[in-house]
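Take a look at the letters that make up each chain.
Number of protein chains: 2
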Amino acid sequence: MMLAHQISVGNELLLGDTINTNASWISQRLSEHGIRCVHVATVPDDKPAILSALAHSMRDADVTILTGGLGPTHDDITKTCLCEYFNARLVCHKPTLDRIQRMFEARGIPFSPSNTAQADVPEHCDVLFNSQGTAPGMWFAEKGKVLIVLPGVPREMKHLMTDEVLPRLRAMVGASKLNKDYLQLTGIGESTLSDLVIGDVSSYLKPGIELAYLPHAHGITLRITSFNGLVEDAARLKSHILSAAGPYVYSELPDVDLEQVVVQLASEKKVSIATAESCTGGWISNLITNVPGSSTMFKGSIVAYHNSVKQHLLDVPESVLMEYGAVSKQVALIMAKSAASKLGADIGISTTGIAGPDGGTEAKPVGLVWIGFWSRDTHFAVYARFFRDRILNKERTAKVALEIIRRQMLGIPGLPFDLKPESA
Amino acid sequence: MMLAHQISVGNELLLGDTINTNASWISQRLSEHGIRCVHVATVPDDKPAILSALAHSMRDADVTILTGGLGPTHDDITKTCLCEYFNARLVCHKPTLDRIQRMFEARGIPFSPSNTAQADVPEHCDVLFNSQGTAPGMWFAEKGKVLIVLPGVPREMKHLMTDEVLPRLRAMVGASKLNKDYLQLTGIGESTLSDLVIGDVSSYLKPGIELAYLPHAHGITLRITSFNGLVEDAARLKSHILSAAGPYVYSELPDVDLEQVVVQLASEKKVSIATAESCTGGWISNLITNVPGSSTMFKGSIVAYHNSVKQHLLDVPESVLMEYGAVSKQVALIMAKSAASKLGADIGISTTGIAGPDGGTEAKPVGLVWIGFWSRDTHFAVYARFFRDRILNKERTAKVALEIIRRQMLGIPGLPFDLKPESA
Numbered sequence: 000m001m002l003a004h005q006i007s008v009g010n011e012l013l014l015g016d017t018i019n020t021n022a023s024w025i026s027q028r029l030s031e032h033g034i035r036c037v038h039v040a041t042v043p044d045d046k047p048a049i050l051s052a053l054a055h056s057m058r059d060a061d062v063t064i065l066t067g068g069l070g071p072t073h074d075d076i077t078k079t080c081l082c083e084y085f086n087a088r089l090v091c092h093k094p095t096l097d098r099i100q101r102m103f104e105a106r107g108i109p110f111s112p113s114n115t116a117q118a119d120v121p122e123h124c125d126v127l128f129n130s131q132g133t134a135p136g137m138w139f140a141e142k143g144k145v146l147i148v149l150p151g152v153p154r155e156m157k158h159l160m161t162d163e164v165l166p167r168l169r170a171m172v173g174a175s176k177l178n179k180d181y182l183q184l185t186g187i188g189e190s191t192l193s194d195l196v197i198g199d200v201s202s203y204l205k206p207g208i209e210l211a212y213l214p215h216a217h218g219i220t221l222r223i224t225s226f227n228g229l230v231e232d233a234a235r236l237k238s239h240i241l242s243a244a245g246p247y248v249y250s251e252l253p254d255v256d257l258e259q260v261v262v263q264l265a266s267e268k269k270v271s272i273a274t275a276e277s278c279t280g281g282w283i284s285n286l287i288t289n290v291p292g293s294s295t296m297f298k299g300s301i302v303a304y305h306n307s308v309k310q311h312l313l314d315v316p317e318s319v320l321m322e323y324g325a326v327s328k329q330v331a332l333i334m335a336k337s338a339a340s341k342l343g344a345d346i347g348i349s350t351t352g353i354a355g356p357d358g359g360t361e362a363k364p365v366g367l368v369w370i371g372f373w374s375r376d377t378h379f380a381v382y383a384r385f386f387r388d389r390i391l392n393k394e395r396t397a398k399v400a401l402e403i404i405r406r407q408m409l410g411i412p413g414l415p416f417d418l419k420p421e422s423a
Numbered sequence: 000m001m002l003a004h005q006i007s008v009g010n011e012l013l014l015g016d017t018i019n020t021n022a023s024w025i026s027q028r029l030s031e032h033g034i035r036c037v038h039v040a041t042v043p044d045d046k047p048a049i050l051s052a053l054a055h056s057m058r059d060a061d062v063t064i065l066t067g068g069l070g071p072t073h074d075d076i077t078k079t080c081l082c083e084y085f086n087a088r089l090v091c092h093k094p095t096l097d098r099i100q101r102m103f104e105a106r107g108i109p110f111s112p113s114n115t116a117q118a119d120v121p122e123h124c125d126v127l128f129n130s131q132g133t134a135p136g137m138w139f140a141e142k143g144k145v146l147i148v149l150p151g152v153p154r155e156m157k158h159l160m161t162d163e164v165l166p167r168l169r170a171m172v173g174a175s176k177l178n179k180d181y182l183q184l185t186g187i188g189e190s191t192l193s194d195l196v197i198g199d200v201s202s203y204l205k206p207g208i209e210l211a212y213l214p215h216a217h218g219i220t221l222r223i224t225s226f227n228g229l230v231e232d233a234a235r236l237k238s239h240i241l242s243a244a245g246p247y248v249y250s251e252l253p254d255v256d257l258e259q260v261v262v263q264l265a266s267e268k269k270v271s272i273a274t275a276e277s278c279t280g281g282w283i284s285n286l287i288t289n290v291p292g293s294s295t296m297f298k299g300s301i302v303a304y305h306n307s308v309k310q311h312l313l314d315v316p317e318s319v320l321m322e323y324g325a326v327s328k329q330v331a332l333i334m335a336k337s338a339a340s341k342l343g344a345d346i347g348i349s350t351t352g353i354a355g356p357d358g359g360t361e362a363k364p365v366g367l368v369w370i371g372f373w374s375r376d377t378h379f380a381v382y383a384r385f386f387r388d389r390i391l392n393k394e395r396t397a398k399v400a401l402e403i404i405r406r407q408m409l410g411i412p413g414l415p416f417d418l419k420p421e422s423a
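Chains as they are written, first to last, in numbering that gives the first Met the number 0: chain A, 0 to 423; chain B, 0 to 423.
Honestly, the hints are just simulated from the structure, not real lab data.
Some hints could be false.
Just so you know, same-sequence chains aren't split out, so a pair can sit in one copy or run between any two.
[Claimed, not checked] Within a straight-line C-alpha distance of at most 27 angstroms, the following computed DSS-like cross-link-like pairs (lysine-lysine) qualify:
no., residue 1, residue 2
1, Lys-78, Lys-205
2, Lys-205, Lys-142
3, Lys-237, Lys-142
4, Lys-142, Lys-328
5, Lys-179, Lys-46
6, Lys-144, Lys-46
The structure presented is a predicted model; accordingly, all values stated were derived computationally and were not measured.
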């Protein structure tokens, strides 16, 4: 098996201001490709430290991935160290320089000498063209070993890893021998899912087949891994889970979000959606509009944070606000209906709740949320009890709202977390 | 200055399943005590790897902190490695054993041999009593060097660091000697800031004073660190930066977001804000409502994703949409004004742009955004050119919009990124 080392360069990592998330992301990608990362050295922007880490990794690892220290300021010295290590000089990479110049011109930003230096790379390296930033990636091959150098900005690093580095590494190690199947679920807790819904799966497991529960803020991802021709056994396990927990599964792909599923379904079914948000403050609308193509099915949102907006733009009568309060079934139902009618959508969804951390009462504690749903055929509201954390409450509320929409569009009976629908 | 190394032990760290947050937390605590962490090695639960990292760190560092591999399962081999490294044998630490036994009794859990082994430590070490878990911490002193071994569970590690390790380290190094000053800036690029605005600061720097540029997605954080009574020199550097780049500085605290500053300013000045968002899709509204207390100054938002919503809820005439298009100065200006009037706010801010990744034309490419601002005294719109990335375009647009509001509320002349205001 091919062994990899990582070198993470940056004073900010050693002062603790920045958490080294790059290292774990890279490790995950490597392990998916059958390459095992066995060492991560985090070193400062300091020449002896970088050179010593390079020597160590180039001796012990087949592949070394170094990130960071490629920026335009005086403390970025990774390229200087590479020149010394390889006894090379810096040369200008013309396509990168052209791109940087065009970028600056297009935005009308003055071009300074440190920007020119961004396009310099040590001679003899393969340049990995960075279409997301100014610092090019580099690929060095020496005596059967490979050194890959990437910018430390996570977005740029991920782009270069995905588009440039992993395809080359795949070609080096041959086809991956590990198969992974994913099921993404929402609207159910981990222990309920494993104990009551999926149940005992030991008869499906054997050496070479694993089932992992990966709970995260917005649901649970199940990962089935299978090695070396156990694909059919993995398929049997997957089919068992699908028949037991099907209604909760919103995707069989690892990287698809619930909002993507909702946008795709609504586009296919030509259903338009609008939201009226109080406690979520635009978060649902934001999630939906993060999805490319959402403009075909999403009309928009009225974020009615202040009660006057609920009255004037969503036609919630003052008397209803007075009698039931803004966080109530009655207000949620009117908001959902008005979202659909005012914004001209087939489905209206609404949220109103106590986001926290303050503002709760005994009758309406922090974390209490009403979610309203309106379509021509159905309308109801549900309440849920979430947490003391404001951001978490927004996220959970949005995911439940999106899951309600998904189930309604597909005609799946029941609601996430077994919430009970209430009508007016 | 005392130099520290860290060794993080654990396969899960190298598979990428667990992000190494311990390392940055420990680094921060060390730097606050004037101890500089200059190396973090992340190694697997593997004897040669642990022994090699130990040898390296005990040679180069004054203080080494090793975390992880102290659990009760077969893959936890840190103590075995320590015995081999120090040529010591394991002895039972009676107070720890008593505590574990009491703990198990109290919870009615059966006591197994692997639990007894938890109380074993290499002879000659000082035991750091762990009141939060079963694995004791250890303190080894050898030839003027110190090795500290802690469990990898973050809660237990933090407890032992805070209650046991840091008081001892403080006694070794004397009172805390490191000061950190932060300046958070937005609305300017890193190279423009460093080359053209702040300029050469070498006359302010000397051993013990450092200036670091920490660029991130939403701006740049400048960190000035100063050691050993160089506080006045640091203040001179900070004052130079403030006088050169003052308008860009939105906070002098490291953890404050721009939206928090906007909410606080608006609350103090009793200014209410509303948004009309197209390309940002509710992201600005979401950022503002993430801040506790935003309900006092934020009225809400109309997310006008579909043009019909721009017409019916924001009074953008169809003729204007036809003549200039939805992504135009004219539409941005009307949207901003309608946001304020329809939602009853003092300030209205609007966004309309081509978020991407598709939908651009030659005249209106992906990444083109118009931002409108309306208050009783001033109204204008600006356009910016951002990226091909949809999410990034939303984030950048929102930050520019928030920064425009901040500058307007404070009466700071000029706009972020030197954008030029255009009127109707």
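Status of the hints after comparison with the structure:
no.: 1; hint: Lys-78 with Lys-205; result: between (43 angstroms within a copy, 24 angstroms between copies)
no.: 2; hint: Lys-205 with Lys-142; result: neither (32 angstroms within a copy, 42 angstroms between copies)
no.: 3; hint: Lys-237 with Lys-142; result: neither (41 angstroms within a copy, 49 angstroms between copies)
no.: 4; hint: Lys-142 with Lys-328; result: neither (70 angstroms within a copy, 59 angstroms between copies)
no.: 5; hint: Lys-179 with Lys-46; result: between (39 angstroms within a copy, 24 angstroms between copies)
no.: 6; hint: Lys-144 with Lys-46; result: both (22 angstroms within a copy, 25 angstroms between copies)
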